[in-house]
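A.B. asks: Read off the chains here:
Number of protein chains: 2
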Amino acid sequence: MTSTKYDVLGIGNAIFDVLVQTDEAFLATHGMTKGGMALIDEARALAVYQAMGPATEMSGGSAANTIVGIASLGARAAYVGKVKSDKIGELYTHDIRAAGVAFDTAPASSGPATGCSYILVTPDGERTMNTYLGAAQELTPADIDEAAVAASSIVYLEGYLWDPKSAKEAFVKASTIAHGAGRQVALTLSDAFCVDRYRDEFVQLMRDGTVDLIFANESELHSLYQTADTDTALGQLRKDVKLGVVTRSEKGCMVASKDGVIEVPAFPIDRLVDTTGAGDLFAAGFLFGLVRGADHKTCGKLAALAAAEVIQHIGARPQVSLKDLAQKSGLPV
Amino acid sequence: MTSTKYDVLGIGNAIFDVLVQTDEAFLATHGMTKGGMALIDEARALAVYQAMGPATEMSGGSAANTIVGIASLGARAAYVGKVKSDKIGELYTHDIRAAGVAFDTAPASSGPATGCSYILVTPDGERTMNTYLGAAQELTPADIDEAAVAASSIVYLEGYLWDPKSAKEAFVKASTIAHGAGRQVALTLSDAFCVDRYRDEFVQLMRDGTVDLIFANESELHSLYQTADTDTALGQLRKDVKLGVVTRSEKGCMVASKDGVIEVPAFPIDRLVDTTGAGDLFAAGFLFGLVRGADHKTCGKLAALAAAEVIQHIGARPQVSLKDLAQKSGLPV
Chain G
13 MTSTKYDVLG
23 IGNAIFDVLV
33 QTDEAFLATH
43 GMTKGGMALI
53 DEARALAVYQ
63 AMGPATEMSG
73 GSAANTIVGI
83 ASLGARAAYV
93 GKVKSDKIGE
103 LYTHDIRAAG
113 VAFDTAPASS
123 GPATGCSYIL
133 VTPDGERTMN
143 TYLGAAQELT
153 PADIDEAAVA
163 ASSIVYLEGY
173 LWDPKSAKEA
183 FVKASTIAHG
193 AGRQVALTLS
203 DAFCVDRYRD
213 EFVQLMRDGT
223 VDLIFANESE
233 LHSLYQTADT
243 DTALGQLRKD
253 VKLGVVTRSE
263 KGCMVASKDG
273 VIEVPAFPID
283 RLVDTTGAGD
293 LFAAGFLFGL
303 VRGADHKTCG
313 KLAALAAAEV
323 IQHIGARPQV
333 SLKDLAQKSG
343 LPV
Chain F
13 MTSTKYDVLG
23 IGNAIFDVLV
33 QTDEAFLATH
43 GMTKGGMALI
53 DEARALAVYQ
63 AMGPATEMSG
73 GSAANTIVGI
83 ASLGARAAYV
93 GKVKSDKIGE
103 LYTHDIRAAG
113 VAFDTAPASS
123 GPATGCSYIL
133 VTPDGERTMN
143 TYLGAAQELT
153 PADIDEAAVA
163 ASSIVYLEGY
173 LWDPKSAKEA
183 FVKASTIAHG
193 AGRQVALTLS
203 DAFCVDRYRD
213 EFVQLMRDGT
223 VDLIFANESE
233 LHSLYQTADT
243 DTALGQLRKD
253 VKLGVVTRSE
263 KGCMVASKDG
273 VIEVPAFPID
283 RLVDTTGAGD
293 LFAAGFLFGL
303 VRGADHKTCG
313 KLAALAAAEV
323 IQHIGARPQV
333 SLKDLAQKSG
343 LPV
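Top to bottom, those sequences are chains G and F.
Residue numbers for the first sequence follow our numbering, so the first one is 13 and each next one is one higher.
Residue numbers for the second sequence follow our numbering, so the first one is 13 and each next one is one higher.
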């Protein structure tokens, strides 16, 4: 195998986050399903935004958050995602590059504005997302740089890519290139409703070897196999994919492979503020461990550490160096 | 005196904040004066931004932060400030209205973009601001709604308004209307360097009765009277203005009036994160107390409480209801 340029290259919907702390009543009034990600059109985005309180903005996007976390841990990271050449797109581009991530996807010069997610954070720390995909819908296979993908140890993809029309083709193209170069392909299932939309296709991706590693939370796993029984679903997952990592919030995670299932506890936190990015940063820590050659238990610990950092403040990207944090906790970086 | 529509109407430079946590070396490398507000042009803004790490964005502007704080305490508040009709201007408009503030200044349809401040927050919590005024420079006397100003108990102005060319005329117009309607006019001196730029004019505003109440921190007060001795400066302040409120960070504040000088301690905090907005929110609490008819000691306590909230998180606007916070602390709201 040739040497690599990047440890992890992520592909996802480039989304700018507009975050607000709100109460449960807001979700009910506006018919939002708590904890989920709903796709909304421009009219709905405007209505949701007008009803929202004062917000804080920062760059987001699931796979992008993961990639930023991986860079924060000290690995070489690249991102592919589509913004528009507008002011928000400029902020987005700045933030991901300033985080040390290689980001060279050409912005869309016409069409819809840079995508935004209106994120409501309730007092219990749960986040409910309303996403206007905008320019993220313009990602096509032409945006996949063959050389960059082939030179990345792991290609990381988000299930949300199944929503925009042509992103799914970009996804498959990237996986084909990666496997052709002897690399690994990881997929996060993203959201239980997303799994519900694309269940058969996601299972097929696993069974035909398009993806080697799956990240899912418990509800996504249940949705994938249409069972409420985690053991049943895990048994199926072990048949369908080389490595499956299932997160269970404060109960930690389970890592399912041919060797069996191991459990890793969550990292202790002082105060849960905002779960936005929890799964994304979990994946960051785990993937970082994998590229460093750590065992699955250590990968799980790095994952738990990164997730713990991000849920203790507003926003989906780390506010401190995860590398420093890992070192302080005696984890290998 | 006729009845009022607003308790406080604030006029200021409408500025969108781009905040990043950084180290001391960054300030040194880029020749920034720690703790100050430097005015920068578009080229310098671009250079500073490109050098900055990943940021968080939220609406700011000194007087706007104060007005949002007053609304959060439960009073009727209005704001006058100029944004452009661009995406950042839309975010700005949303945020201040969503905070319960009346904001009807027409956005500029041409000219420079909505103003931005690139704010570097060092590990000690101090903020260093680099402000590109942009559309804020377009504020003119025509933006001052006579009826709104005349119907506000207190008109609150920021010293920063002396920087854009025509805003100073808007300032004087507002003061004239307010006094004509029997209202009070308050001014914050904003920044020691700002005082240095306009010292004589600021002193004149006090002596000729254009302003009745002054907010300043200790270094602004020292700059105003070109003395390092606080007692000397306070003595002068008591001669020049009806009421002078001087903040001293963790040492609390001093309230100087014809009756003498009283001291009010700072509010205890768990952790200093970011001083951005400390003075703005202090003024919010104090002005709120005044419009509720509280004594100066209580005004100082409300001020300290509001400032304490805002310095314990990133960003210059309150993240919780200041009214609830004041009630929990047994302060009148």
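A couple of the hints might just be wrong.
The list treats identical chains as interchangeable, and a pair is accepted whether it falls inside one copy or across any two copies.
To be verified - Dumping the calculated DSS-like pairs for lysine-lysine here, alpha-carbon to alpha-carbon at most 30 Å:
| id | residue 1 | residue 2 |
| --- | --- | --- |
| 1 | Lys335 | Lys46 |
| 2 | Lys17 | Lys340 |
| 3 | Lys263 | Lys251 |
| 4 | Lys99 | Lys177 |
In short, the hints are calculated from the structure, not lab data.
Predicted, not measured: the structure shown is a model, and the values here were computed from it.
A.B. asks: Indicate, hint by hint, whether the structure satisfies it.
C.D. replies: So, going through the hints one by one against the coordinates:
1. Lys335 to Lys46: between (32 Å within a copy, 27 Å between copies)
2. Lys17 to Lys340: within (28 Å within a copy, 55 Å between copies)
3. Lys263 to Lys251: within (24 Å within a copy, 65 Å between copies)
4. Lys99 to Lys177: Cα proximity of Lys99 and Lys177: in one copy and across copies (25 Å, 27 Å).
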